[in-house]
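A.B. asks: Okay, here's what each chain looks like letter by letter:
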Amino acid sequence: MTRSDQKHDGLATGASTAAVASGAAGGAAVDVPSPKVRTINRRFEFLYFAIRNNKLILGLSIVIICFLIAIIGPLLAKYSPFQYTTSYWSPPSSRHWFGTTQDGRDVYAQFAAGMRSAFLIGTIGGVIASVVAMLVGFTAGYRAGIVDEILSMVTNIFLVIPAFAVLLVIAGFLHNVSIPVEGLLVGLLSWPWAARALRAQTFSLVARDFIGMARLSAQNSWRIIFREIAPNMSSYLFMMFILLFGGAILISATIDFIGLGPQFTFTLGKMMNEAQTNSGLLLGMWWWFIPPGIAITAIVGGLYIMNVGLDEVFNPRLREM
Amino acid sequence: MRRYFARKLLTYSLTFIAAVTVDWAIPRLMPGNPIDDLLARIGTRCNTREQCDAISSYFYNVFGLHKPLWVQYLTFWKALFQGNLGISVMSFPEPVSTLIKNAIPYTLGLLVPAILLSFWAGNKVGALAARRKILDNTVLPLSYTLTATPYQWLAMVLAWTFAVTWRFFPISGGYDPLRTPSWSFGFAGDLLYHWFLPFASLFLVQFGGWAIGMRNMIIYELESDYAHYLEALGAPRKLVRKYAYRNALLPQISGLALAIGAIVGGALVTEIVFGYPGVGSLILSAINNKDYFAIQGIFLFIIVGVLIANFIVDIMYVIIDPRTRIGMQGGS
Amino acid sequence: MSLRVENLKVYYRTLAGDVQALDGVTFGIADGEIMGLAGESGCGKSTLGNSLIYLSGRMKYVDGSVELDNKELPIADMHEMDRFRYKEVSIIPQYAMSALNPTRKIGKMAKEIIESRGVDYHSILPEFTRRLELVGLSDDVLRMFSLELSGGMKQRAVMVLSTLLNPSLLIADEITSALDVSTQKAVAEMLVEFRDRGFVKSMMVVTHDLSILHQIADTILVMYAGHLAEKAAAEVIINNPRHPYTRLLISSLPEVGVTYAKKRLTGIAGTPPALLHPPTGCRFKERCPLAFEKCVEQPPFIEVDKGHFVACWKEI
Ligand SMILES: Nc1ncnc2c1ncn2[C@@H]1O[C@H](COP(=O)(O)OP(=O)(O)OP(=O)(O)O)[C@@H](O)[C@H]1O
Ligand code: SF4
Ligand SMILES: [Mg+2]
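Residue numbers (the working numbering), protein chains in the order written: chain A, 1 to 321; chain B, 1 to 332; chain C, 1 to 316.
Simulated from the structure, these hints should not be mistaken for lab results.
Wrong hints could be hidden among the right ones.
[What the hints assert, rightly or not] Pair by pair, the computed Cβ-Cβ distance ranges are:
no.	chain 1	residue 1	chain 2	residue 2	range
1	C	G57	A	F82	54 to 60 Å
2	B	W77	A	V127	42 to 48 Å
3	C	K108	B	T98	48 to 54 Å
[Unchecked claim] In silico DSS-like links for lysine-lysine, alpha-carbon gap of 27 Å or less:
no.	chain 1	residue 1	chain 2	residue 2
4	C	K111	B	K124
5	B	K124	C	K108
6	C	K105	B	K242
7	B	K238	C	K105
8	B	K242	C	K108
9	C	K87	B	K242
10	C	K108	B	K238
11	B	K238	C	K60
12	B	K238	C	K111
From the three backbone atoms N, C-alpha and C, an ideal C-beta is built for every residue, glycine too.
Using the sequences and the accompanying hints, generate a full structural model.
C.D. replies: Below you can see the structure in the form of structure tokens.
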């Protein structure tokens with residue numbers, strides 16, 4: 001693996017929506033801080049730099065605000081997202097905070113429900129993708145040899161098949177997916193870049209002495225992986241999860257926008273789909289399609305910014321002075 | 001070198017086989033038997049008795065439902081190699097391949113310039129912004145916002161602002177329906193006029209990603225040993241940045257390979273927003289009309305396109321990065 | 001005097017405060033002198049070496065002055081300093097193995113650096129190849145990428161490149177530590193050769209390996225925790241050290257030839273102080289077997305014998 005390849009497996013989100021999936025840009029995130037700066041206890045050191053990192057604070061605040069909206073928002077809604085009211089097509093007012101759709105449904109209610117869906121799908125998709133990525137990446141990196149060859153090949157195959165295209169056919173044939181099913185599908189299709197990155201990181205960790213020692217003492221592989229390797233990568237794993245989480249939200253928004261998402265739950269993508277198919281755009285009903293897009297941008301952007309902040313906290317070399 | 005490309009080709013072939021298999025299996029595995037559903041629906045889509053029979057028997061034979069599964073599978077492959085992606089239900093008796101052929105120029109016309117220009121501009125701007133306080137503080141937040149934006153949403157915002165509110169650009173279509181397509185400047189201008197907004201939308205979202213990627217990469221590069229060495233020898237900033245840029249470009253290029261799939265997805269939804277007559281709009285009508293053949297065909301088509309694009313990037317990478325080249329000559 | 005360093009202080013900025021890695025050092029290097037710089041890992045050797053040529057982003061000039069050939073070096077001024085870099089002061093960095101741009105052919109890179117410094121590459125090329133031959137490299141390396149070279153080859157290529165403009169002072173940081181024993185010897189001898197042939201006037205050789213210094217250095221400067229401990233002729237430091245730290249350092253080696261880095265100084269109990277909040281007075285006092293009341297004050301670095309400087313209250 002060339003040097004640039006390894007770099008490429010870093011997680012400092014370089015990422016376009018697409019390149020999130022690639023983790024384009026980044027550096028060796030498993031960077032055990034040099035002994036030179038290990039003047040303060042490491043855990044405190046993390047907190048020390050974390051609370052002083054503006055990017056981390058900003059990103060985290062945005063995500064937390066969005067999360068609170070997802071939790072509390074639906075409780076404040078005066079209507080159900082599917083309920084038809086008598087005010088059609090109306091701009092934001094005190095009765096309908098975000099206005100109504102062309103057939104008189106409350107946009108705020110849909111929005112709040114969509115926020116919940118977004119976090120749900122991000123969590124399900126992110127967790128599943130992380131688990132698969134860890135299983136594949138750790139095994140390939142730790143076992144090396146033929147196991148690695150096969151797993152890498154599988155990873156590379158999944159890597160080139162665009163997840164949304166597969167989702168397209170699957171969802172196209174399913175009559176209706178629920179949020180958990182959609183999350184599952186998204187998760188099962190978006191792990192490859194993460195697995196590849198983890199494999200490279202595991203490789204370099206295994207090359208270090210202490211893993212070699214554990215290996216020599218003939219401990220069980222999974223034990224070594226979860227006792228020695230995973231903890232050493234915890235920061236990396238966390239950043240990876242963040243990107244997978246954001247990626248799941250974006251992919252599902254694409255699927256929902258095409259109209260292949262859940263039928264009986266509101267998602268932010270579905271809102272945009274309805275606004276589009278019901279000429280909300282032509283009629284200038286901005287209150288209908290602007291909020292869901294802003295919400296997705298805020299959540300995903302917040303996650304990315306948070307990630308860069310984390311990267312700076314974990315990698316002293318990147319910190320700005 | 002040969003080993004490298006042999007490996008790549010193997011991966012891509014396996015990918016293609018996997019994709020075809022998935023494509024074949026999905027309608028057969030799905031609950032609710034979409035094929036029965038399809039056959040039942042065909043009755044409502046024809047005008048004359050003969051046409052109905054023709055369609056029904058055609059599909060019956062194509063799916064070969066009375067034959068064993070492996071025969072069905074082989075038949076699927078055979079048809080594929082004959083360039084036969086099936087007959088579209090929504091525009092019967094047009095073959096799916098013709099529909100795709102008609103849509104493809106529009107999609108490529110959007111995608112290729114958007115990818116190349118955004119890659120170029122994003123990298124340049126990202127490189128400029130790195131380690132330059134003021135520029136960094138403007139470019140970075142803007143780029144993060146752009147890259148976190150769903151493609152379809154930016155498309156909607158642009159359409160609403162520039163087409164609905166200000167009417168600078170047409171809201172939908174690939175060209176003015178009142179014109180007949182011809183090789184004239186007038187028509188070309190009209191094409192451009194319709195092309196601009198969807199292009200701009202695609203360009204902007206990608207631009208953000210490349211700018212951030214380059215900015216982060218170049219910071220790593222500027223902190224790298226060879227950069228410090230150059231500086232210690234008093235090399236001018238310009239030379240150091242030039243080296244850093246070139247080296248940072250390499251991971252960006254492999255990032256491009258990985259990103260292509262998602263970019264294509266972005267192009268499709270952008271087309272949908274602008275009613276642009278490319279593959280995206282085709283997908284939408286296929287889905288709305290439950291035209292499974294078209295969906296399957298487009299899926300395969302996208303996969304092949306992505307594979308080819310990946311292969312091109314692989315070749316580019318080898319040309320640009322001496323390290324892969326040397327590693328490949330079986331040297332050190 | 002080729003080099004004169006006066007009360008130089010360079011700190012590292014960190015969010016937790018300044019790391020006082022180089023805290024007031026005063027010494028000189030004569031024309032033609034090869035000075036070895038020794039001390040435990042983290043004592044500030046690289047900081048000192050780098051300070052004389054290039055202050056990286058985190059390094060902060062605090063105080064002191066540096067004079068080379070009777071000219072003041074504007075070390076704190078990133079831009080002004082460029083005039084002196086490479087031509088007057090040059091460095092073989094501690095990271096020499098990765099100092100070459102991986103995506104440029106070595107010759108091309110050399111050409112670009114040299115021309116950026118206003119020197120004509122073509123007129124210097126014959127000398128360049130001659131020197132490469134001197135260190136045992138054919139001029140084929142100019143058409144190679146760094147990954148085609150072995151570690152030792154890279155090391156030597158950097159050595160030649162760094163000294164190509166005949167600097168007055170060369171800082172060679174840890175250039176032997178990554179090599180095997182026989183190559184180490186060869187590389188060390190090349191340094192002497194470079195001096196003898198006048199490629200460089202004087203040298204500062206940073207290393208963990210006292211046997212190398214014994215072999216090539218005229219004088220040795222010992223640092224401890226950002227301060228100077230002792231400077232004297234190499235023979236004197238090895239055979240008659242006077243600072244308690246140097247004495248422990250030398251005696252902890254079973255024989256000359258073992259690097260003290262690997263020995264981790266088992267002979268000296270305790271660890272060096274953190275330089276974020278260094279102790280006042282003599283920084284060695286926590287570990288010094290001879291420490292007494294006076295040691296709460298910082299001992300001056302004074303000449304106790306001709307050319308023999310020590311910073312210890314016991315030696316005054
Ligand atoms: N970038 C940095 N940021 C903060 N502190 C640093 C940095 N680099 C070095 N230091 C501190 O400065 C001190 C001196 O470091 P220096 O690299 O000069 O040591 P050294 O003597 O060269 O060690 P070695 O033998 O390991 O190369 C160390 O204690 C370290 O903690
Ligand atoms: S000054 Fe005191 S503490 Fe320092 S070395 Fe001398 S005796 Fe030891
Ligand atoms: Mg050092």
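A.B. asks: For every hint, state whether the structure bears it out.
C.D. replies: Against the structure, the hints come out as follows:
no.: 1; hint: C/G57 x A/F82: 54 to 60 Å; result: 57 Å, holds
no.: 2; hint: B/W77 x A/V127: 42 to 48 Å; result: 37 Å, violated
no.: 3; hint: C/K108 x B/T98: 48 to 54 Å; result: 52 Å, holds
no.: 4; hint: C/K111 x B/K124; result: 25 Å, holds
no.: 5; hint: B/K124 x C/K108; result: 24 Å, holds
no.: 6; hint: C/K105 x B/K242; result: 15 Å, holds
no.: 7; hint: B/K238 x C/K105; result: 19 Å, holds
no.: 8; hint: B/K242 x C/K108; result: 14 Å, holds
no.: 9; hint: C/K87 x B/K242; result: 22 Å, holds
no.: 10; hint: C/K108 x B/K238; result: 16 Å, holds
no.: 11; hint: B/K238 x C/K60; result: 24 Å, holds
no.: 12; hint: B/K238 x C/K111; result: 15 Å, holds
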